[in-house]
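If you want the building blocks of each chain, they are given just below.
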Amino acid sequence: MIEITVRAVSTLKTKFQTPAVVPLPEGSTVKDLLSACEVDHNRVIVLLNNMQVNINHKLNHSDQVTILPFIIGG
Amino acid sequence: MKLKGYAGKQLRVQLTDAVIKEEEINLELLKKYLGGVGYGARLLYDELAPHIDALSAENKIVFTTGPLTGKNIPGGGSVEVCFKSPLTNLWGESRCGGNFGPELKASGYDFLIVEGKSDRPVYLLITAGGVQIKDAGHLLGKTVGEKTQIIREENKDAKLSVMCIGPAGENKVLFSTIMDEDRAAGRCGAGAVMGSKNLLAIAVRGSQKIEAEHPEKFRDATRKAMKAVRENPNTENFKEHGTVGDIASCDLLGDWPTQNWRSNSWGKGEELYNYFYEHNLVGNFGCYSGCPVGCGRMVKVDEGRFKTPVHGGAEYESITAFTAFVTNDNMDAAVHSTYLCNEYGIDTISMGAVIAFAMECYEKGLIKPEDTGNLDLSWGNPEVLPLLVKQVAEREGLGNLLADGVMRAADKLGHSAKEFAIHGKGLEAPAHDPRSSKALAVTYGTANRGLCHIHPLEGQAYDLGKSDFGLIPHGLKDPEEVDRWDAKDKGKMVKILQDGLVLPDILVNCKFMMYCGFTIKHFADIVSGLTGWDITEEELLKIGERTINIQRLFNVREGCSAADDMIPERMKSLPQFGRYKDEARCAIVNYADMLEDYYLARGWDKNGIPTRDKLASLNL
Ligand code: SF4
Numbered sequence: 058m059i060e061i062t063v064r065a066v067s068t069l070k071t072k073f074q075t076p077a078v079v080p081l082p083e084g085s086t087v088k089d090l091l092s093a094c095e096v097d098h099n100r101v102i103v104l105l106n107n108m109q110v111n112i113n114h115k116l117n118h119s120d121q122v123t124i125l126p127f128i129i130g131g
Numbered sequence: 003m004k005l006k007g008y009a010g011k012q013l014r015v016q017l018t019d020a021v022i023k024e025e026e027i028n029l030e031l032l033k034k035y036l037g038g039v040g041y042g043a044r045l046l047y048d049e050l051a052p053h054i055d056a057l058s059a060e061n062k063i064v065f066t067t068g069p070l071t072g073k074n075i076p077g078g079g080s081v082e083v084c085f086k087s088p089l090t091n092l093w094g095e096s097r098c099g100g101n102f103g104p105e106l107k108a109s110g111y112d113f114l115i116v117e118g119k120s121d122r123p124v125y126l127l128i129t130a131g132g133v134q135i136k137d138a139g140h141l142l143g144k145t146v147g148e149k150t151q152i153i154r155e156e157n158k159d160a161k162l163s164v165m166c167i168g169p170a171g172e173n174k175v176l177f178s179t180i181m182d183e184d185r186a187a188g189r190c191g192a193g194a195v196m197g198s199k200n201l202l203a204i205a206v207r208g209s210q211k212i213e214a215e216h217p218e219k220f221r222d223a224t225r226k227a228m229k230a231v232r233e234n235p236n237t238e239n240f241k242e243h244g245t246v247g248d249i250a251s252c253d254l255l256g257d258w259p260t261q262n263w264r265s266n267s268w269g270k271g272e273e274l275y276n277y278f279y280e281h282n283l284v285g286n287f288g289c290y291s292g293c294p295v296g297c298g299r300m301v302k303v304d305e306g307r308f309k310t311p312v313h314g315g316a317e318y319e320s321i322t323a324f325t326a327f328v329t330n331d332n333m334d335a336a337v338h339s340t341y342l343c344n345e346y347g348i349d350t351i352s353m354g355a356v357i358a359f360a361m362e363c364y365e366k367g368l369i370k371p372e373d374t375g376n377l378d379l380s381w382g383n384p385e386v387l388p389l390l391v392k393q394v395a396e397r398e399g400l401g402n403l404l405a406d407g408v409m410r411a412a413d414k415l416g417h418s419a420k421e422f423a424i425h426g427k428g429l430e431a432p433a434h435d436p437r438s439s440k441a442l443a444v445t446y447g448t449a450n451r452g453l454c455h456i457h458p459l460e461g462q463a464y465d466l467g468k469s470d471f472g473l474i475p476h477g478l479k480d481p482e483e484v485d486r487w488d489a490k491d492k493g494k495m496v497k498i499l500q501d502g503l504v505l506p507d508i509l510v511n512c513k514f515m516m517y518c519g520f521t522i523k524h525f526a527d528i529v530s531g532l533t534g535w536d537i538t539e540e541e542l543l544k545i546g547e548r549t550i551n552i553q554r555l556f557n558v559r560e561g562c563s564a565a566d567d568m569i570p571e572r573m574k575s576l577p578q579f580g581r582y583k584d585e586a587r588c589a590i591v592n593y594a595d596m597l598e599d600y601y602l603a604r605g606w607d608k609n610g611i612p613t614r615d616k617l618a619s620l621n622l
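So the sequences go chain by chain: A and B. Just so we're on the same page, this note's numbering is the position in the first sequence counted from 1, plus 57. Just so we're on the same page, this note's numbering is the position in the second sequence counted from 1, plus 2.
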């Protein structure tokens, strides 16, 4: 198992209090993390250790992830 | 045979001699440009002499609708205003949401052309009873809300759709707006053009129905488009948080111009939005009856010195201009100031930008306390924000210098002021930062109306937001495979994006629908059902390209060239502070290469002039 620290920006409705530590199986991707958090991957941008990553990016133990609700066109 | 999908006529009002004329639409021109900023650009290119003074009787202002204007079409509560801009002395256009566009069309006119200059203040009334030029002496000096109310009351029609200027337009503030209640034709100084003609307002109420050539096909295409919008994830975001909900994310992404562009992030976006959500937000609204998105914010400030009644406003751009631009962290002051801008008829973006510029001048000693009437223009001082809005609207004190925009103010102040007057073609820069995504740099530099917030946004939405707008079959690279900081191919991609994303302004529809699921295919199907012309996606993109080229020709005739497509140095440089200050990739070092790549894709020469071959291929 790996553990990822997740912070969601306040405008994103989540089912959990952030920051939260989310356990995931080895080899999990950003997409897996988003589904574990019940966040629609079409509506967000994900920063990993401050860099934007795409949903297929593989996560490592103790990665810090920020989920941003991105209002395209704002 | 009656033209379907359109009203079929245009109205020409010549104010100098008070002549009102109804004209047939030129069908050949309509098929080439469809409407909106396409038809408007061709008309002004043909009818305006080059180098006229934008605030003289020789300028014209055209209120345009298009085939997708109508309350029964998602995003159809729109009007596009076209004119020569007094701020840039180039092509000027500005969209306004609201009922005005649909009402104008329902009163029998696709286009309203206003020319000449009245010798006294007047307003136009367009109803089933005819078209009248009415005295407006009693409206002088009134705010937007007051003018709207008086016009409705004296004509005993609470549903009259009214577009009017505020005191700023009367005083010819070069970035004054034309307002439809809380919505604005905001950029490029349309309000000053109306003010220069002594035309204070236009009120319209129509009752005619627009028929479709193939009603079944039209209904089906509209239903499909509506479904796509309703199901798009961005729609929910827009509804819940409006455009302003993006300040936290943009701050984190390095897309939040801060302290007159010294940085692209501030670190206070989330905290500010949380305060706004809790204290200022009342609810959402659509800028016309029937909008399926309803991104508008109803907001207020309950108490204190910035107390503000409930009103529609607080857009992402407006709030950024009065917070990050000037590093003010008092959200109540920002909400209050943007409310005042709407009531005085001032563009919130340019207003915030001129204050940021003035604050930097103050810091550097180019503007001294005695020049400000002893106002303290230190960064972040919330007290001066509403005061400066009023001073600009009335052209009082320092307001008179700022009312002409940063480019002219910097010329007058001299010294180093030019280096931090952040504008493109004379239009003050808006609230997204190209240090977050390279495509935005190219869309910023090449937008025909200058450094605006509407046309260039597709660059950011593509590079950062990973939107493709259904343009992949038309040559757009999949945004998921594109690095936002990479310059490669960005010029080429911008050409494709621009040709597609200009379409809402041609069809006169809200561009946000394209951020919420509308694609070129939806447009093609709706226009075909309406007009019976069987328009394909390729033809629409060609009309987009033709429109961009005719607007460019308008600008070239005014002397515009590659030098005017440059973006300010500060906008390309590594941020001076904030979370990206050590992130070398956000600096823009190869802008000239991207621009060359763009010109090549456009078929323009190295100086940014459309080639003869290109013009011939577009039947121009
Ligand atoms: S999406 Fe927003 S801006 Fe567009 S028409 Fe609807 S309310 Fe107006």
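Don't take every hint at face value.
To be verified - Residues of chain B placed beyond 10 Å of chain A at every Cβ, according to the derived structure: (1) Gly118; (2) Pro123; (3) Arg225; (4) Pro235; (5) Asp248; (6) Leu255; (7) Arg264; (8) Gly269; (9) Tyr275; (10) Lys302; (11) Tyr318; (12) Gly467; (13) Arg486; (14) Glu539; (15) Arg581; (16) Asp595.
Stated by the list, open to error - Cβ-Cβ distance ranges computed for the label pairs, FRET-style: (17) A:Asn117 - B:Arg587: 18 to 24 Å; (18) B:Arg614 - A:Thr62: 41 to 47 Å; (19) A:Asn111 - B:Gly382: 23 to 29 Å; (20) A:Asn106 - B:His417: 38 to 44 Å; (21) A:Glu95 - B:Leu31: 39 to 45 Å; (22) A:Ala77 - B:Gly382: 31 to 37 Å; (23) B:Glu482 - A:Arg64: 19 to 25 Å; (24) A:Glu95 - B:Glu233: 57 to 63 Å.
Don't read these hints as lab results, they were simulated from the structure. Beta carbons: idealized from backbone N, C-alpha and C, even for Gly.
Structure-based check of each hint:
no.: 1; hint: Gly118; in the structure: holds (38 Å)
no.: 2; hint: Pro123; in the structure: holds (37 Å)
no.: 3; hint: Arg225; in the structure: holds (22 Å)
no.: 4; hint: Pro235; in the structure: violated (4 Å)
no.: 5; hint: Asp248; in the structure: violated (4 Å)
no.: 6; hint: Leu255; in the structure: violated (7 Å)
no.: 7; hint: Arg264; in the structure: holds (20 Å)
no.: 8; hint: Gly269; in the structure: holds (13 Å)
no.: 9; hint: Tyr275; in the structure: violated (6 Å)
no.: 10; hint: Lys302; in the structure: holds (20 Å)
no.: 11; hint: Tyr318; in the structure: violated (4 Å)
no.: 12; hint: Gly467; in the structure: violated (4 Å)
no.: 13; hint: Arg486; in the structure: violated (7 Å)
no.: 14; hint: Glu539; in the structure: holds (21 Å)
no.: 15; hint: Arg581; in the structure: violated (7 Å)
no.: 16; hint: Asp595; in the structure: holds (23 Å)
no.: 17; hint: A:Asn117 - B:Arg587: 18 to 24 Å; in the structure: holds (22 Å)
no.: 18; hint: B:Arg614 - A:Thr62: 41 to 47 Å; in the structure: violated (60 Å)
no.: 19; hint: A:Asn111 - B:Gly382: 23 to 29 Å; in the structure: violated (37 Å)
no.: 20; hint: A:Asn106 - B:His417: 38 to 44 Å; in the structure: holds (43 Å)
no.: 21; hint: A:Glu95 - B:Leu31: 39 to 45 Å; in the structure: violated (53 Å)
no.: 22; hint: A:Ala77 - B:Gly382: 31 to 37 Å; in the structure: holds (34 Å)
no.: 23; hint: B:Glu482 - A:Arg64: 19 to 25 Å; in the structure: holds (23 Å)
no.: 24; hint: A:Glu95 - B:Glu233: 57 to 63 Å; in the structure: violated (19 Å)
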